[in-house]
Amino acid sequence: MDSFLKSGKLGTSIGDKTSQLNNEGVKKKKSVPWVEKYRPRTVSDIVEQTEAVHVLEQCIAGADLPNLLFYGPPGTGKTSTILAAARQLFGDMYRDRILELNASDERGIQVIRDKVKTFAQLTASAVRHDGKSCPPFKVIILDEADSLTNAAQAALRRTMEKESKTTRFCLICNYVSRIIEPLTSRCTKFQFKPLDESKILERLKLICQEEKLQVNDEVLNVLVKTSGGDMRRATTCLQSCSVLKGKDATVSMHDVYEITGVVPDQWVTDYISVCKENIYSKLEEFIESFILEAYTAAQFLKQVNEVIVNTDEFTDKRKAVIGEKLGTVSYRLQDGGSEYIQLLDLGCAIMIEYSKKT
Amino acid sequence: MSLWVDKYRPKDLSKLDYHKDQAENLKKLTQRGDFPHLLVYGPSGAGKKTRIMCILKDLYGPGVERLRMEQLNFTTPSKKKLEIMTVSSNYHIEINPSDVGIYDRVVVMDLIKNVAQTQQLDVNGQREFKVIVLTDVDDLSKDAQHALRRTMEKYIANCRLILSANSTSRLTPAIRSRCLGIRVSAPTITEIVTILQGVCKREGLNLPTELAQRIAEKSNRNLRRAILMCEACKVEQYPFSANQNIAEPDWLLFIRAIARKISQEQSINTLASVRGDLYELIIHGIPNTIIFQTLVSELVKNCDITLKATIISQAALFEHRLQHGNKAIFHLEAFVAKYMYLYKKFLEDTIGDAF
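For the record, the sequence lines run as chains A and B.
Sequential numbering from 3 applies to the first sequence in this note's numbering.
Sequential numbering from 258 applies to the second sequence in this note's numbering.
Treat the hints as calculated values from the structure; they're not laboratory data.
Just so it is clear, the structure is predicted and the values come from calculations on it, not from any experiment.
Think of the CB as a built atom: it goes at the ideal place given N, C-alpha and C, for glycine as much as any other residue.
Be careful, since some hints might not be right.
Stated by the list, open to error - Result set (DSSO-like, lysine-lysine): computed pairs, CA atoms no more than 27 Å apart in a straight line: (1) 475/B / 518/B; (2) 338/B / 314/B; (3) 358/A / 558/B; (4) 475/B / 284/A; (5) 518/B / 117/A; (6) 284/A / 458/B.
Unchecked claim - Here's a subset of chain A near chain B, in silico, CB distances under 10 Å, partners left out: (7) 228; (8) 234; (9) 298; (10) 349.
Chain B on its own, in the form it takes in the complex (with noise of 0.2 Å):
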């Protein structure tokens, strides 16, 4: 049995729920001879992923379906062995290059190299080109996105790039402008509300418009975590009731009692509590920038507007130094100390006001 997520999962373009006149716009795109490079992006779990799909079977038929997991080796310039899952089919083949760090652009030019330079195997196929998925492709180093550049020059002949990213800020102006940009945006609440009922009803369910409603604002216009928790909650207790509790992620939970704790006592004890508090965080794999950006959300909840600006921009810093350097526990603990600083700063000068 798999979860909902993936076994409602839209299969073809003309099955999407929402971004219908983008989806046609796609499904006339497929149909023509010249298919450019794409880059679709978006925030997560607004759907890049299954519009990615869609568009492949698109292209070839139902044989993207068939998947096979393979494990791919690389050797880099200095000796080093990286070994690299890749997922694919007979037409396309799908990557995630930042997994292997700094070396992605070995990744990025000895992989789409061996693709390209192989010719479709089936010669019927109505294809002449596969396609290379590249996912994550805003965590890029920016030697890799220069390698990619000149790849989808050189290679344009036998193959396709689709690049998912997140954001296209960190994406140099080159790359971005050799691509068709597909934006993805977030499903609207009323969308969210309409999917989970969809789902509901052809799981057999009764599900109420509060409690949809109530799931679709948790999820913080997030399709993927809003039907998690809706299966969530299904597990919880069924029938539904309208007030039924939705299981929050316990990280979220967790950054919040962190933030509780520093904003009512700011001593270097707390500090070092925090520390291990952060420690559990990131052992359990929250990315650092959810960790950071909950983080400052909550913390500057309870403060003044002057306040709010310094502390912005402090943790404006911080976080960018977090992306440059490589160990995160520094730089999270460093903005907690400066915010406790500057926090009990503040207080005692309005004490000190007040007499």
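The following block holds chain A by itself, in its conformation from the complex (with noise of 0.2 Å):
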């Protein structure tokens, strides 16, 4: 168990807390959220990924382990793979055989220097503690290799050559173009689908059963629809449900809607359609309205862009002029734009494509 949470993504501060929670008895130990317990602990429990299951299930049998580079949206159990692997290979030499770095706090040139070279120079031997053999190399784990800063990748391209014998890298990100070219072709690439919407839907109804929740098929189909092949969002949506609704109440769609911050689709389609009747005083109105309703104007962005992409009362050329309004309005907002004028920016912006039309 220690070793297991040990591994978490939180690194070394996991580790930390799972000493307390020992010391300090079973109180504690529920805060280990959802994500953390339910994770897949061997390479045959991860769902979906077949190819890199395959090499490593081959890797566990025996053969040698290449450079891995994971890529593929969040959530669609990157970390968990190659952290299953690492387990199986190692055992309880785990500890002292991978060094996971999160990239987003511990990035630069020096960190790739000091911290990932010393640790690649060290050599590890072929047997384990208790005599059986374990695989001769170390795991060094570069977790958000996308946000690792050019410098720091160049810094890596001979330290990964020479260390060879002794060190596998396995490089972890969400956008495989921002990895320097001479870093892919040093590894054998894998990509991470989202996962299906079935397999999601299996997991969380696991996750039910054994925290002995009442949830209904309905509500789970609606966390599996707002994940979008996202097994991390899904997991910590349903807990957080759980947490807020206390223990043995049930868990209702609208609960869902909530945590998950998507705006009712009422709101959407009334959006639109104040647009449609193309006067400018009704949709400064419901701007108003909206924001005083507190929903997010991201998440509502992503939502108008799924009924304009899917509607069938614009041509194609139309769709594209708004996709491009949506684009601009949607980064200016990320950017720290004030939500009411971009939102009337791109209200007017869908005004204008209703009137050309007629």
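Take each chain as given, in its own frame, and dock them per the hints.
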């Protein structure tokens, strides 16, 4: 259990916490996030990502491990896969054989030069403490490698080759295009696809069963839909629902929407129809009340986009114009623009497209 | 004597006037051992702070109401000294990191680390964690948000964060996904009316329904503003009459005057005098976004629909730039100048068409 928890993405922090947990007894143990609790423990537990699983299974059976590069959207099991593999490869020595770097906090060339290089230069023996054999190398996991600076990536190049006798690298990133070419060519690439909805549903049902949570299928389906193939998000949402509603209560559709921050569909359709009416004052009024309801504009844009893309009311060219505006507005919002003015801007753009048509 | 706003602020989750279901859920949340990080978001005057204080009281009992102000000092890596005000009790500490501008990252890292590394003093206390309340997190820089993200994970054993923001658009998804979001929407007009009447009743005053209704509508569904307005009305004239004058905020009138000036005459002279007015507003500490927003909504009122769309898209552009730059006046003025140009051109075109 200890080593398992230690493995979490949270790195050392979880380790500290675990030791406290054990000292202070059962009460605190509850607060382990479900994401950690239900992380797959063996490589064969991992669903969907067949290629990567296949390679790792062979490696566990005795073959050599190449340098790995996992890429794909969040919540598809990239970190879980390599951690599970490492656990199976190294057993108890797991802690000594792994260096996990979460690139978002310690990036930069200095870290690569000091930490990674020193770790890579250590030698690893081919036998465990208990006499069993184990692969004679260490694994360095660079999580969120796409936020490494280019200089840091360049510094990795030579290290990767020079220490290949004793060290394997595993780079994990969301966008493979942000990794420099020389690095990608040194690794075996695996794409992680978003999970199938049925697979997520299965897993969520299992969690509900384990946690004795009363959730009906309809609600679970909504959770799965909003997650968009992101297992972590679905699990976290489920946990938040259960925390908010208390132990025995049932989780309703409404709660799920509230927690995932999804704007009710009514608002989206209203927005479009207000734009259709081509009356500016109504649009203004609508946006004012929308902001007072404190829904998230970023999420709203996502849903509007969905509607616009799927509607039959516009020609493709018009959709493109609106899509461009959506992009600009979304960027400005993230960058600190005021929700009121940006949403107005988008509304006006849609309005114009509507009025052009008639 | 305190203001009505503070005097009648609900102190307990069960005494909240609206969003009762949510209050019940929050109550359940505080009673469980695993309290998550919270992100409370909603427009101003919707009752975010009230809810946070209620949650704290539910967690720790009346001890959290003994507040003290403290001035903390920091040194940035570049040896610059910073000071920041904090409000704290034995159990929690409240800060607004965006007070120190671009150095908010240092505050986030230093302060939270300091608080988190010390265990709760009171061993017999019912909670083993402290709470850090961060206000206005939507103004945090991206760096600070990244730093926060890591700190949130690292020290979850001894401290919990309660973040309060006006909108979650500016928060990175990483932070959002680590918190349990609590949406606090603004109270409806009827809810405000009931609350206003409740407050007046407890003050021993008689408030006509029409007046309450009018105040509620003028307040723009901002409860704090509504209660302040109501108190101002009482100072002005009591007993109340249904059609008495409700004092509007000065800055609102002032911006309206500016807008009128701009649409009357589009020339260099107006631009120069508008500059003076805008400076006046900025000096009096009206937030830039509010100036911009009000100005835009006033200016577009007397435009044709196609012109409106152009102006709004220009406004969106300038507003975005305003967030990036550090001199608000340039962007405000640029927008005014652009508006004048567009408006004048539009007028000339329509007149040209008429002949």
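Do the hints match the structure? See the list:
1. With a C-alpha separation of about 24 Å, the suggested pairing of residue 475/B with residue 518/B holds against the 27 Å cut-off.
2. Taking the CA atoms of residue 338/B and residue 314/B, the gap is near 34 Å; set against the 27 Å cutoff, the hint is violated.
3. Distance hint between residue 358/A and residue 558/B is fulfilled; the C-alpha atoms sit about 22 Å from each other, no more than 27 Å.
4. A distance of roughly 18 Å separates the Cα atoms of residue 475/B and residue 284/A; the hinted pair therefore holds under the 27 Å criterion.
5. Of the pairs offered as hints, the one joining residue 518/B and residue 117/A is violated, with about 64 Å between alpha carbons and a cut-off of 27 Å exceeded.
6. A hinted pair counts as satisfied when its Cα atoms are at most 27 Å apart, and residue 284/A with residue 458/B does not qualify at roughly 36 Å.
7. For residue 228/A, the suggested interface contact is broken, since its CB lies about 12 Å from the closest CB of chain B, more than 10 Å.
8. Interface restraint check: residue 234/A against chain B, minimum CB-CB distance 8 Å, threshold 10 Å, status holds.
9. Because the smallest distance between the Cβ of residue 298/A and any Cβ of chain B comes to about 5 Å, under 10 Å, the interface hint for this residue holds.
10. With a least beta-carbon distance of about 8 Å to chain B, the hint placing residue 349/A at the interface is held under the 10 Å criterion.
Violated hints, listed in ascending order, are 2, 5, 6 and 7; each of the other numbered hints is respected by the structure.
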